[in-house]
Amino acid sequence: VDSRDQEWVRQRALNVIGHELRTPASTVRGLAEVLAAGTNPDDRPDLIDALVRNARRLEALVDDLLAASNVTTALPVGPAEPVDLAERVRTSWTEEGGIEVAGSGVVLARRVSVTRILGAVLDNALAYGARPVRVTLAASGEHVRMVVESPGDELSSEDVRFALEPFWRGERAVTTRSGLGLGLTVASKLAEHEGGHLWVEGREGGGMVTFIELPAR
Amino acid sequence: MNDGRIIRVVIVDDEPDIRRLLEVQFALDSDFEVVGSAADGDQAVKLVRAVGPDAVVMDLLMPGVNGFQSIAALQQEFPDLAIVAYTGVAGDYVRGEMDRQGIEVVLKSGDLRPLTDAIRRSLKRDR
Chain G
1 VDSRDQEWVR QRALNVIGHE LRTPASTVRG LAEVLAAGTN PDDRPDLIDA
51 LVRNARRLEA LVDDLLAASN VTTALPVGPA EPVDLAERVR TSWTEEGGIE
101 VAGSGVVLAR RVSVTRILGA VLDNALAYGA RPVRVTLAAS GEHVRMVVES
151 PGDELSSEDV RFALEPFWRG ERAVTTRSGL GLGLTVASKL AEHEGGHLWV
201 EGREGGGMVT FIELPAR
Chain L
1 MNDGRIIRVV IVDDEPDIRR LLEVQFALDS DFEVVGSAAD GDQAVKLVRA
51 VGPDAVVMDL LMPGVNGFQS IAALQQEFPD LAIVAYTGVA GDYVRGEMDR
101 QGIEVVLKSG DLRPLTDAIR RSLKRDR
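Chains as they are written, first to last, in the working numbering: chain G, 1 to 217; chain L, 1 to 127.
Errors might be hidden in some of the hints.
[Claimed, not checked] Here are a few chain G residues that face chain L, going by a calculated C-beta distance under 10 angstroms:
#1 R12
#2 V16
#3 A25
#4 N40
#5 D153
#6 E154
#7 S156
#8 V160
I should point out that these hints are in silico values taken from the structure, not numbers from a laboratory. Nothing here was measured: the structure is a model prediction, and the numbers come from that model. Just so it is clear, CB atoms sit at the ideal spot from N, CA and C, and this is done for glycine as well.
Using the sequences plus the hints, can you model the full thing?
Right under this line is the structure:
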């Protein structure tokens, strides 16, 4: 991201954070005031549950923000081990869930990193694209390359350029879903931490392709 | 005011807790009656056809048919309906788009007053 984009991206990030915080914050205030004003006693347990739920949501958002600001100090430690990517995908995301896997590849990486990278990339692909999401695994030099294709609406050039920026949310996501836009940011940091790389391109015919390269065993 | 009559409102928001909060807040104001709630823009259009409210409180960011699309559909079918956009954040795009459609934007808050004031202003404009 060059300097002329920084202010614009910062503005979008603040908008995303503001939106995510405002909804639970205003719900907490409104519920507390309604309860203090003395509402129908039959409604009280229900409203108190909602109050607690939204206070917890606020707390979780603050945790996410702190984790995002601190992502490099929160990187996993410990030895790398062989991880079979096709098996990991099949175990956690079945084909009934809209994911098809082809090829194979065993990488040498920390298991917790692999789990978080796959979680962010595949959940993102399933949430924002059409089905099926196609996962292809193949050797690429000293790495294993995993290509995740999710068909959908054509990505804007900004969505491709800024996909890995913290708090960036794609055009479609912004109008339909809540979320902080941190999944791919954290996944790309983890891929680099494991000696690999993650990037995003627009898919021919619409949608998104995420590339992940991790060291081969 | 709505000629002294109770103002009948439909709430549209994908967050169940926001819908619930608005229902209990409106219940404390005798000028208003919530006549239905919907979780997305498509349900909203069907609900408005069924209950014929005076006003709609519309969230903008929703899965499926979002608020922008639903407002356009409602304005076409019910030109006299008062609609207020109720949203967490309104950047330049949202403000510009709502301004173009003559829709007042209210930021979500624990206080109902800004919303009821905006509904009253929208009703006056549409009468």
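Hints and how they fare:
1. Using the Cβ-Cβ criterion of 10 angstroms, the hint placing R12 (chain G) at the interface with chain L is satisfied: the shortest such distance is roughly 8 angstroms.
2. The beta carbon of V16 (chain G) comes within 8 angstroms of a beta carbon in chain L, closer than 10 angstroms, and the hint placing it at the interface holds.
3. The beta carbon of A25 (chain G) is positioned within 10 angstroms of a beta carbon in chain L (closest approach about 8 angstroms), and the interface hint is therefore held.
4. Hint status for N40 (chain G): holds, given a least beta-carbon distance of 8 angstroms to chain L, under 10 angstroms.
5. For D153 (chain G), the interface hint is violated, the least distance from its beta-carbon to any beta-carbon of chain L being 14 angstroms, above 10 angstroms.
6. Because the closest C-beta pair between E154 (chain G) and chain L is about 18 angstroms apart, greater than 10 angstroms, the hint is violated.
7. Taking 10 angstroms as the C-beta cut-off, the interface hint given for S156 (chain G) is violated, the closest approach to chain L being about 13 angstroms.
8. Proximity of V160 (chain G) to chain L is violated relative to the hint, the smallest CB-CB distance being about 19 angstroms (cut-off 10 angstroms).
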